[in-house]
Amino acid sequence: MKKLIFALLLCGLLFILIAGILEMPALGSIDNQSYNEVAHYYIDNSINDTNAPNMISAIMTDYRFFDTLGETIVLFTAITVVISVRIIAAGKSHYMKGDDIDG
Amino acid sequence: MDDLIVKVISKIIIPFMQVFGIFVIMHGHLSPGGGFAGGSILGASLILLTLAFGLKEAKRKMPHTISKIVETGAILLIVSLGLFGILSGYNFLTNGEAGFHLGRTGEIISAGFIPIATLAIGLKVGSTLITLFHTIIEED
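The listed protein sequences derive, respectively, from chains A and D. At position 95 of the first sequence (counting the first as 1) the number is 102 in the numbering used here, and the numbers step up by one without a gap. At position 126 of the second sequence (counting the first as 1) the number is 783 in the numbering used here, and the numbers step up by one without a gap.
A hint or two may mislead.
Okay, the calculated bits of chain A under chain D, using three or more residues with CB under 8 Å as the criterion [unchecked claim]:
hint, region
1, 59-70
2, 75-84
Facing chain A, a subset of chain D residues (Cβ under 8 Å, in silico) [said to hold, decoys possible]:
hint, residue
3, SER667
4, PRO672
5, THR707
6, LEU708
7, LEU712
8, ILE732
9, ALA774
10, THR775
11, THR792
FYI, nobody ran anything at the bench for these hints, they're computed from the structure. Even for Gly, the Cβ is constructed at its ideal location relative to N, Cα and C.
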């Protein structure tokens, strides 16, 4: 009985997901909502706003720099976590005393 | 690894790799590439140094104390660039309006803080790669 209810629930979820996919605009269509005025703004004004001929660089490090700052912080968190896990896994006493990792 | 051919060849090509990495980083606002690509090239050159000459020699050339300072300093540099925008009365991370030198299009020193930010990202990615590599192979 429990399995039947679960299967019915999953079928309902599948129906909802397929209906959602059918509502999506065609891939690569020019009428997609993502091709809005923002792209035209970048193409028209990025060279006047930033004086950088590389438009991707202008978007990544000027208009959307907060995103790039987040990516950099992700890298920083990753390296911190790797070193912490390594120190815990190694369990060496000289790491615990606060010596440098070179030691 | 103690192979003469690998050592000689990597001694020849490592300076060229590092110059190319710095070129990609410094031309991030002019040509394809940027901080992440150039930093990966810099990190790859240091990884090649570790593979060819061993961990001890590479640690002498690129000790962990230096990469620690570079890593934290790059993030602090980016955040202080953003805070400069707030100090001059605009939003966080404002480029041209906050008073950064925009210069002429196509020169190296132009486009406000984009070259500084690309330099910081490149140093950060390179030092992250080399620190991860050293930390992981230190186990053996």
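We went through each hint and held it up to the structure:
1. 59-70: As far as the region 59-70 of chain A goes, the hint holds, because 9 residues have Cβ atoms under 8 Å from chain D.
2. 75-84: Check passed, 6 qualifying residues.
3. SER667: violated, 23 Å
4. PRO672: Nearest chain A Cβ about 25 Å off; hint violated.
5. THR707: Constraint on THR707 (chain D) not satisfied, violated at 14 Å.
6. LEU708: violated, 19 Å
7. LEU712: violated, 11 Å
8. ILE732: holds, 6 Å
9. ALA774: With a minimum Cβ separation of about 5 Å from chain A (threshold 8 Å), the hint on ALA774 (chain D) holds.
10. THR775: Given a least distance of 6 Å, the restraint on THR775 (chain D) holds.
11. THR792: Hint holds; THR792 (chain D) Cβ to chain A Cβ min 6 Å, cut 8 Å.
Hint compliance for this structure: hints 3, 4, 5, 6, 7 are not met, and every other hint is.
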